[in-house]
Structures are given as structure tokens and as C-alpha cells.
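2 protein chains.
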Amino acid sequence: MGIITISREFGSGGRELGKRLADELGYGYYDREIVTAIAEKNKLNEQYVSYALEGGMFRNFPVHFGRTFSYSPALMAGESRLFADQNKLLRELATAGNCVIVGRAADVILREFRPFNLFVYADMPSKLQRCRERASEDEHLSGREMERKIRKVDMDRKRYHSMISDIPWGDRRGYHLCINTTDREIKSLVEPVAAYVRLWLEEQGQ
Amino acid sequence: MGIITISREFGSGGRELGKRLADELGYGYYDREIVTAIAEKNKLNEQYVSYALEGGMFRNFPVHFGRTFSYSPALMAGESRLFADQNKLLRELATAGNCVIVGRAADVILREFRPFNLFVYADMPSKLQRCRERASEDEHLSGREMERKIRKVDMDRKRYHSMISDIPWGDRRGYHLCINTTDREIKSLVEPVAAYVRLWLEEQGQ
Chain F
31 MGIITISREF GSGGRELGKR LADELGYGYY DREIVTAIAE KNKLNEQYVS YALEGGMFRN
91 FPVHFGRTFS YSPALMAGES RLFADQNKLL RELATAGNCV IVGRAADVIL REFRPFNLFV
151 YADMPSKLQR CRERASEDEH LSGREMERKI RKVDMDRKRY HSMISDIPWG DRRGYHLCIN
211 TTDREIKSLV EPVAAYVRLW LEEQGQ
Chain V
31 MGIITISREF GSGGRELGKR LADELGYGYY DREIVTAIAE KNKLNEQYVS YALEGGMFRN
91 FPVHFGRTFS YSPALMAGES RLFADQNKLL RELATAGNCV IVGRAADVIL REFRPFNLFV
151 YADMPSKLQR CRERASEDEH LSGREMERKI RKVDMDRKRY HSMISDIPWG DRRGYHLCIN
211 TTDREIKSLV EPVAAYVRLW LEEQGQ
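These protein sequence lines map, in sequence, to chains F and V. Following my numbering, the numbering of the first sequence begins with 31 at its first residue and continues without gaps. Following my numbering, the numbering of the second sequence begins with 31 at its first residue and continues without gaps.
It is worth saying that the hints were derived from the structure and are not from the lab. This structure is a prediction, so every number in the text was calculated from the model and none was measured. Don't take every hint at face value.
You can't tell identical chains apart in this list, so a pair holds if it fits in one copy or across any two.
[Unchecked claim] With a straight-line Cα cutoff of 25 Å, these simulated SDA-like cross-link-like pairs (lysine to any residue) come out:
{"id": "1", "residue 1": "188", "residue 2": "175"}
{"id": "2", "residue 1": "188", "residue 2": "198"}
{"id": "3", "residue 1": "217", "residue 2": "235"}
{"id": "4", "residue 1": "182", "residue 2": "56"}
{"id": "5", "residue 1": "188", "residue 2": "138"}
{"id": "6", "residue 1": "49", "residue 2": "143"}
Just need the whole structure built from these sequences, with the hints factored in.
Following this line, the structure appears as C-alpha cells:
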């Protein structure tokens, strides 16, 4: 039974790699699906759940929310419940097994399941390029604004991670393999990475 | 024409991986050979050359040399020449091509050759275990002393690296792939890593 977690820098192609890896291995794939499930269960807006789970609890609202914001205890309790729901759901997925989970700090939350933890990263020009190619809601952003967004998203991930783990987000010690996707086509990486992961699963008797 | 550099934590099995990778790819392998060649050219003791090149220039002599030591300008000039020799030799090797070079900060020194840079690491218990298994000159060290040695060797590498590169030693951004060898058998890693490297070489048109 294999569990693969993928942590990634924004724009590094980690999500695509995760999806393709899941296909290659015949594993389940979970990313947005987790947010959707939690939003439905709590009858909440998906975007809000996503925002809250990506560290909203630990920072002020971003500028485009119009004003800075102090959390009320009720809101804090609400978001704590979202985290509890997320962790519960992650454990259910892990128990069912054979899955690739992108983000959600699953590497830390599921550590007693001994997952294979992958970190995906790239240099800034490469991340900007990828973001431009897939641009949808970010289409209006200038290169500079996009770079700021990339740094911000990763900073939030780092901050959230630091609250639940001693090993910093992106620190090699927390991962089994760290892959630099600068100038790489994600598609072509899938096979050797899958081979590496398969070997690890075998060695672990999973 | 492929150049693969391997940087590694002491005891992580990086040297073994490098050797096996070179065998697998049919590449030349250089590690101690570089020290030997420089020692011969300069008619110096190999151990001294090794010590000097591993950061001796930037620190006091270690305790087992019996006393702390202030460098004389003559000695400094001598060691600078060793570095110059090493860098020249590394460039010659890179120009000849198709080689695996372990250590020597070859990732930085050869950067204009665009090598594939691999970083190999492991957790402390795993590194201690590996050191115990291969123990020779270190046989007399207790576990605690061995751990101190591991940290010291890596600290010297880190310090040396910081003098020639903006990216810290062991920071993922400086490498194409970072491999955690904790609880792994090095032998079994060779094939998937070689596949990954081959793909990269192909994509680079090397």
C-alpha cells in the first residue's frame, strides 16, 4: 500500500507531476478534491475553504479582500474545524491507500503512515513561464505581480508547515526525493520518478 | 558529453552512488584521483593536499594536529596554488567529458559546463550506520565522536562552498536532484537515478 505526498513550489509543475504519477502507478489522486469534499461537508464556499486551509488562519487577509482583518474567536474555531476535517479526510485516504496527495502538508500529517515524500521546485524564470502558460484567473497579472504571487503562496505554505513540523518546508531532510523541474518537461520526468518510487515501495514492503 | 557532479553529506553513500553511476553510464569517475594527481604534481603529501583542499585554508588545524595554527602568507600562497591546480584539473576533466566527479565543489567550479548536479543526503542514524560499516581509520571513534566528525566534515564543506557560491551547500536550488539515502541500499538506487540522468542528458542534447 503506497502513499505518495507531493509538496511543491508554486509554478514548479508539482501538481502535473503528481497527476501523471498517479496515472502511471494506477493510484488515486487528491488535491482540489480534498477542498471540495470539506466545503461540501461544511456547506461552505470552496474558495473560502481553500483559502483558510492554505494558511488563512495565520495571516491577515490579502490586499484584494479590501481591508486587514482581525480574527474573531468564532472564526478561529471554524477554521480549526476545517483543519480537523482535512486531517481526518487525509487519514481516511491514507488508510484506503495507493494514492498521490498534492499539498495539504500531507507529508507531515500522514507521517505515521510512512509516505514517500517528494518535493518539486524550480527557478523563478521557469516558474513564471509555467504560470504564464497555464494562466487563467491570473491572466491579468504582470510578470512582477506574478512573481510576487509565487513568493507569497510559498511563504504561506512555509509558514503553515512551520507550525506543524520541526523541519522547514522545502528542507531536503523532510523528503525522500527533491526534483528540480527548471527547463524540464514534466511529462518526461514521470517514468524515471515512477521507477524510483516503485523501488522505494518495494523496499518498504508496501 | 555529460558531466555529473555529486555533492554529498559525509556518510550518505554519495561516493558509492557516484562510482556505481559512473560504471552504469560508462563514464569516468574522479574523486581521490584528483587529490592524488595534485599531490604528485606538487610533490606533496596526499593527506596534506586532501586536508588543504577540504577547507584547511579557511580554518585552524584540527585538534589532533596538536595546536592551533596561524597561517603564514607563504603557506596561504601554497594552498591557493593547490586550489588553482584543482580547478584546472577539474576543467580538463570536464573538457574531456563523460565523467562523474564527487566533491571538490565541482558543481560550482564547473558551472559553465552545465553539469548535472546531484546532492546525496541521509539522516544521522543512517550516516552513522554507514560510517560504522566502512570504518577503517575511524574504527576507534565512539558513536558520539563519529557524529561529531560527520558534522565537522559537512560544516567544512559548507564553509568552503559559501566562499565560492551564493547558493548554500546542500540548498536544493543548487542541484538538479536531491536524493535521501536513509535506509536505502545504494546499489538499488543506481538504475532509476541513471535513467533520470540519461533523460536529462538527452534533453540537454548532451
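For this session: Give the relationship of residue 188 and residue 198 under a CA distance limit of 25 Å: within one copy only, between copies only, both, or neither.
Result: both (7 Å within a copy, 19 Å between copies)
Exercise. How would you label the pair residue 182, residue 56 (within, between, both, or neither) given a Cα cut-off of 25 Å?
Worked result: neither (33 Å within a copy, 44 Å between copies)
For this session: Up to 25 Å between alpha-carbons, please classify residue 217 paired with residue 235: within, between, both or neither.
Result: Classified as between; 18 Å across copies, 28 Å inside a copy.
Problem set entry | Within, between, both or neither: residue 49, residue 143 at alpha-carbon 25 Å | within (21 Å within a copy, 33 Å between copies)
Problem set entry | Status of residue 138 relative to residue 188 across identical chains (alpha carbons, at most 25 Å) | within (13 Å within a copy, 28 Å between copies)
Problem set entry | Within, between, both or neither, where residue 188 and residue 175 count as close if Cα-Cα is 25 Å or less | Within. Shortest intra-copy distance 20 Å satisfies the 25 Å Cα cut-off; inter-copy 34 Å does not.
This entry does not satisfy hint 4, going by the numbered hints stated previously; all others are met.
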